[in-house]
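Taken in sequence, the protein lines are chains B and U.
My numbering applies: residue 1 is where the first sequence begins, and numbers increase by one.
My numbering applies: residue 1 is where the second sequence begins, and numbers increase by one.
These are calculated hints, taken from the structure and not from any lab test.
Treat each hint with caution, since some may be false.
As the list claims (entries may be wrong) - Straight-line C-alpha distance at most 20 angstroms; calculated EDC-like pairs for lysine to aspartate or glutamate:
| no. | chain 1 | residue 1 | chain 2 | residue 2 |
| --- | --- | --- | --- | --- |
| 1 | U | Lys461 | B | Glu358 |
| 2 | B | Lys132 | B | Asp102 |
| 3 | U | Lys254 | U | Glu420 |
| 4 | U | Lys461 | B | Asp88 |
| 5 | U | Lys461 | B | Glu99 |
| 6 | U | Lys461 | B | Glu249 |
Stated by the list, open to error - Which stretches of chain U does chain B cover? Using the computed rule of at least three CB atoms under 8 angstroms from a CB of chain B, they are:
| no. | segment |
| --- | --- |
| 7 | 10-18 |
| 8 | 170-181 |
| 9 | 346-355 |
| 10 | 448-457 |
The C-beta atom is built at its ideal place from N, Cα and C for all residues, glycine as well.
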Amino acid sequence: MTARIVATHRTPSASGRYRPAVGSTSEQIEAEVHRVGAELADAFPSPARHPMKALDARAMELAAADLEIRAALFRFVDVVPACRSMDDLARHLAGFLDELPDGPPPVLAAIKVADTRAGRAALGAAAAAGVKHMAHRFIVGETPGTAVPVLRRLWARGIASSVDLLGEATVTEPEADAYAARCADALRSLSAATARWPERPTLERDGSGGLARANVSVKVSALTPLLRPDAPELGERDAARRLAPLLREAKALGAHVHIDTESLDSREAVLGLVLALLTQEEFRDGPSTGIVLQAYMRDSPEQLDQILEWASAHERTPPPVIRLVKGAYWDHEVAEAGQHGWPVPVFEVKAECDRNFEALTRRLLAARPTVRVAIASHNLRSVAHAIAVNRSSGADDGDLELQVLRGLGDDLQDALAARGFRVRTYCPVGDLVAGMAYLVRRLLENTSNESFLHAQASGVPLDELLAPP
Amino acid sequence: MFAATTSTSTFTNEPVLELRRAAVRARLADALATVDAVLPIRVPAWIGVDTREGDELLSTDPGEPERVVARAACAGAEEVAAAVHSAERGAEAWSAVPASERAAVLIGAAAWMRERRLELAALEVRECAKPWPEADADVCEAIDFLEYYARGAVALEAGRTLAQAPGERNELSYAPRGVAAVISPWNFPIAIPCGMSAAALATGNAVVLKPAEQSPACALRIVQALRAAGAPPSAIALLPGNGEAGAALVRHPKVHTIAFTGSLPVGLEIIRAAADTPTGQRHLKRVVAELGGKNCIIVDADADLDEAVPAIVSSAFLYAGQKCSAASRVLVHEAIADALLRRVAGAARTLVVGQAEDLATDVPPVIERAAQARVNRYAELAARDGVIVAGHGQVPDRGWFCPPTVAAELPAGSAVLEEEIFGPLLAIERVRDVEDACEIVGAQPFGLTGGLFARNPATVKYVRARSPVGNLYVNRGITGAMVGRQPFGGNRLSGNGTKAGGPDYLLQFVEPRVVTENTMRHGLVV
Ligand SMILES: Cc1cc2nc3c(=O)[nH]c(=O)nc-3n(C[C@H](O)[C@H](O)[C@H](O)COP(=O)(O)OP(=O)(O)OC[C@H]3O[C@@H](n4cnc5c(N)ncnc54)[C@H](O)[C@@H]3O)c2cc1C
Numbered sequence: 001m002t003a004r005i006v007a008t009h010r011t012p013s014a015s016g017r018y019r020p021a022v023g024s025t026s027e028q029i030e031a032e033v034h035r036v037g038a039e040l041a042d043a044f045p046s047p048a049r050h051p052m053k054a055l056d057a058r059a060m061e062l063a064a065a066d067l068e069i070r071a072a073l074f075r076f077v078d079v080v081p082a083c084r085s086m087d088d089l090a091r092h093l094a095g096f097l098d099e100l101p102d103g104p105p106p107v108l109a110a111i112k113v114a115d116t117r118a119g120r121a122a123l124g125a126a127a128a129a130g131v132k133h134m135a136h137r138f139i140v141g142e143t144p145g146t147a148v149p150v151l152r153r154l155w156a157r158g159i160a161s162s163v164d165l166l167g168e169a170t171v172t173e174p175e176a177d178a179y180a181a182r183c184a185d186a187l188r189s190l191s192a193a194t195a196r197w198p199e200r201p202t203l204e205r206d207g208s209g210g211l212a213r214a215n216v217s218v219k220v221s222a223l224t225p226l227l228r229p230d231a232p233e234l235g236e237r238d239a240a241r242r243l244a245p246l247l248r249e250a251k252a253l254g255a256h257v258h259i260d261t262e263s264l265d266s267r268e269a270v271l272g273l274v275l276a277l278l279t280q281e282e283f284r285d286g287p288s289t290g291i292v293l294q295a296y297m298r299d300s301p302e303q304l305d306q307i308l309e310w311a312s313a314h315e316r317t318p319p320p321v322i323r324l325v326k327g328a329y330w331d332h333e334v335a336e337a338g339q340h341g342w343p344v345p346v347f348e349v350k351a352e353c354d355r356n357f358e359a360l361t362r363r364l365l366a367a368r369p370t371v372r373v374a375i376a377s378h379n380l381r382s383v384a385h386a387i388a389v390n391r392s393s394g395a396d397d398g399d400l401e402l403q404v405l406r407g408l409g410d411d412l413q414d415a416l417a418a419r420g421f422r423v424r425t426y427c428p429v430g431d432l433v434a435g436m437a438y439l440v441r442r443l444l445e446n447t448s449n450e451s452f453l454h455a456q457a458s459g460v461p462l463d464e465l466l467a468p469p
Numbered sequence: 001m002f003a004a005t006t007s008t009s010t011f012t013n014e015p016v017l018e019l020r021r022a023a024v025r026a027r028l029a030d031a032l033a034t035v036d037a038v039l040p041i042r043v044p045a046w047i048g049v050d051t052r053e054g055d056e057l058l059s060t061d062p063g064e065p066e067r068v069v070a071r072a073a074c075a076g077a078e079e080v081a082a083a084v085h086s087a088e089r090g091a092e093a094w095s096a097v098p099a100s101e102r103a104a105v106l107i108g109a110a111a112w113m114r115e116r117r118l119e120l121a122a123l124e125v126r127e128c129a130k131p132w133p134e135a136d137a138d139v140c141e142a143i144d145f146l147e148y149y150a151r152g153a154v155a156l157e158a159g160r161t162l163a164q165a166p167g168e169r170n171e172l173s174y175a176p177r178g179v180a181a182v183i184s185p186w187n188f189p190i191a192i193p194c195g196m197s198a199a200a201l202a203t204g205n206a207v208v209l210k211p212a213e214q215s216p217a218c219a220l221r222i223v224q225a226l227r228a229a230g231a232p233p234s235a236i237a238l239l240p241g242n243g244e245a246g247a248a249l250v251r252h253p254k255v256h257t258i259a260f261t262g263s264l265p266v267g268l269e270i271i272r273a274a275a276d277t278p279t280g281q282r283h284l285k286r287v288v289a290e291l292g293g294k295n296c297i298i299v300d301a302d303a304d305l306d307e308a309v310p311a312i313v314s315s316a317f318l319y320a321g322q323k324c325s326a327a328s329r330v331l332v333h334e335a336i337a338d339a340l341l342r343r344v345a346g347a348a349r350t351l352v353v354g355q356a357e358d359l360a361t362d363v364p365p366v367i368e369r370a371a372q373a374r375v376n377r378y379a380e381l382a383a384r385d386g387v388i389v390a391g392h393g394q395v396p397d398r399g400w401f402c403p404p405t406v407a408a409e410l411p412a413g414s415a416v417l418e419e420e421i422f423g424p425l426l427a428i429e430r431v432r433d434v435e436d437a438c439e440i441v442g443a444q445p446f447g448l449t450g451g452l453f454a455r456n457p458a459t460v461k462y463v464r465a466r467s468p469v470g471n472l473y474v475n476r477g478i479t480g481a482m483v484g485r486q487p488f489g490g491n492r493l494s495g496n497g498t499k500a501g502g503p504d505y506l507l508q509f510v511e512p513r514v515v516t517e518n519t520m521r522h523g524l525v526v
């Protein structure tokens, strides 16, 4: 089966661009990582557009410097959509600032003087506008319809997308049905809209064949209210009732469905569900489907064994896409294990997670064409490493997909597109209420001292950023 | 299989099974089969080294009432007297054992349980229809009590520091009180009797354990654990029996301490009886009472419903609401009441009603036919007085199942809002604001647990200051207190304020004694 990769190796890449030959010793790969990394860093837009700067710069600096302030600010952002009036909003803000052990810092003290009702209303309005503005950096629109123009502009610039429908947690059957209906609607409206888009060969073909334009990311926890960590079959069965019709719809439309991975509590149900459905006869030849592997899990190498074993036993056309991520639920996993006295399932040293990410990158790239590979990270080192390993394997740049999150990976996305790589941006769609949990998670993650974006924003030199973990 | 703790280490909670892992789940079926193979279990009256088996009490599987889990003796008045007599001598000997040795026995009993964790949980699954995760948590809690009180008793033996003046030495120490009668419920069938017994034993008392008639087999395992670990036979007796045995025990003049967990009416009866000082009784009895609750969760307008709804549903319906800490009223701000009601009702409809052994089960059967009838009566009353928004679902016809029910629009004063139902029935009420909700909570006679969902720190502060409950939970479910982390117990008519699994609990089982010695001789401080 490697023949297909070798074939793309010999033929000019889809975009016909230059692809250097890269040796496969670790020194050669490291050299290539630095070359690619420097090239991408060069292509980054001016620092003023950095996502950290998009937020209220002073508040973000404060947040990163002081854990208490960070907690207060994010607790505030979190509650904004639940506030009933500007007055209510200001009262919440005052409430959080009151909690700070040393009192509010000077830049925020002004907020506390808003003791009159009119003062509070003005303050509330300002804060609401700030949060809304921030949310719009991360969330492309309230509905797929309003998101389409944004997605079309990205496409025009050589950037594909995957739409994620934000929503409240699913706790009832009607909520699960409504989410499934929104997904089906997104598949249809994106398929219709994208059909009229101009050709972008880099984004539409790889060594395994054509790539769908319409791409939706789906969360199993939204597809069923019955996810129970102790009884995965229950949620699996219930979610399958709603996922199967979505797959049928996607197959008919030629769209891609990606199933996100969430916390460990639902991981078994999610993987079991997807592997079982895709094994069914009607889905053997479509739709294009993807799953997610989280490199922060200590047992992710065994997870990959299981996935690859399944993939080679049930060969599919098109091959399943494996999106490699580090994992978005790190704090949750650590806290949950701590509260129950369980072994911590995730790496606790960031470098171990990063090294594992690279090891999994190599295994995944070597497993093609049984699977397609998407590397999802904002970490320049992780991304450059994947590109270098891909090149050293003799594959074309276009046989590797790179993915970023809207609002966090905008600069990397632009740099990747500018250098002709195949990049896809994960674009959350939904209203502010539904989006707040997502927004807060992203903000917390990226003001964390362990985050690459934080290191990059604080001016760590490129060489250090690109050093092996 | 499970790591043992040594007596010198600091206390940590016994980790519950990580049932989200398939390999861990796979071990449960074997444990259940092992237990099924030995049913029915004979539970004797066990006084000193004497055992008397009997058939007078049957405990059956609430989900499969034909399955007999235990055949137990039913202790009569003579056996109560014999048990107390034996314990009286036992207390003398046991009180002379240093705290460190008593602690070693408790820690040995914890190890015995740890080795049999799955079988003990399986027994709870059968005898009390406690679903696996909760049965396992109960066994862990029992182990925690043993480990926690063992350490606490060693610390207590050192006494407390008092102010000292020149020429005088003041010492405060704690002596065991004597015979402790432990009268326990079936809903935490190993943890609660084990915890009350462990506290009494750790501090040097002898115990006569009278467990609920619904769960004698679980109680037998506690006594086996303690005796296997070296507790002298005279230090712990088992008296399976009904209410009469309990009443006789409470009235016995040689009993010093009564540790009771159960309903308010029985608790009040015990407190009244214990106040008597019949001839021959040379002490005042002390009662440790953990009684009922009518626990409210307040939901403010700024609450995160994604968090509140699952927490409310699990607090109200897990183990079919048969926990004294379970939620029975939700007081929700009118601004979000419609959304909350719709979502809680919808979530309640997704609950799986089924057998305790099935890991998919959310709501198992209630403990017995009488409990089923009681819950159904309240559900009918709720339908008459208000509106049932969830709960017409089908339930299995064998076993004592009740559908999880959510009621709304109940008029103030309805019995559904005021009485402890102890079943899967939740009432939701609209309030104008949090202050209004606090008024309602404040007007209740109970004060066990309470919950608050709110995101403004000022609101949290306000409710904390006004809440009369023993355990207030903010932005989380209101059940599942952990030993050492959430010492548990109620105020008002919910109990006399002791906190199981907390640093003060052992004080209920001891008498403080102060000795002041003059150290001056002929004007010299020596
Ligand atoms: C397109 C796309 C799709 C995604 N889909 C998913 C998904 O389905 N499921 C999912 O869980 N996540 C998903 N993520 C999020 C992803 O898991 C990361 O949270 C995020 O991308 C940050 O990682 P990074 O490589 O960009 O940044 P980096 O800064 O290099 O890494 C940050 C990450 O490192 C890990 N980490 C932080 N501290 C430590 C520590 N002390 N020890 C060990 N590890 C630590 C955490 O995973 C943290 O998110 C997605 C990301 C993208 C870009």
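Results of checking the hints against the structure:
| no. | hint | in the structure |
| --- | --- | --- |
| 1 | U:Lys461 to B:Glu358 | violated (48 angstroms) |
| 2 | B:Lys132 to B:Asp102 | violated (28 angstroms) |
| 3 | U:Lys254 to U:Glu420 | violated (33 angstroms) |
| 4 | U:Lys461 to B:Asp88 | holds (17 angstroms) |
| 5 | U:Lys461 to B:Glu99 | holds (10 angstroms) |
| 6 | U:Lys461 to B:Glu249 | violated (51 angstroms) |
| 7 | 10-18 | holds (count 6) |
| 8 | 170-181 | violated (count 0) |
| 9 | 346-355 | holds (count 5) |
| 10 | 448-457 | holds (count 3) |
In this structure, the hints that do not hold are numbers 1, 2, 3, 6, 8, in rising order.
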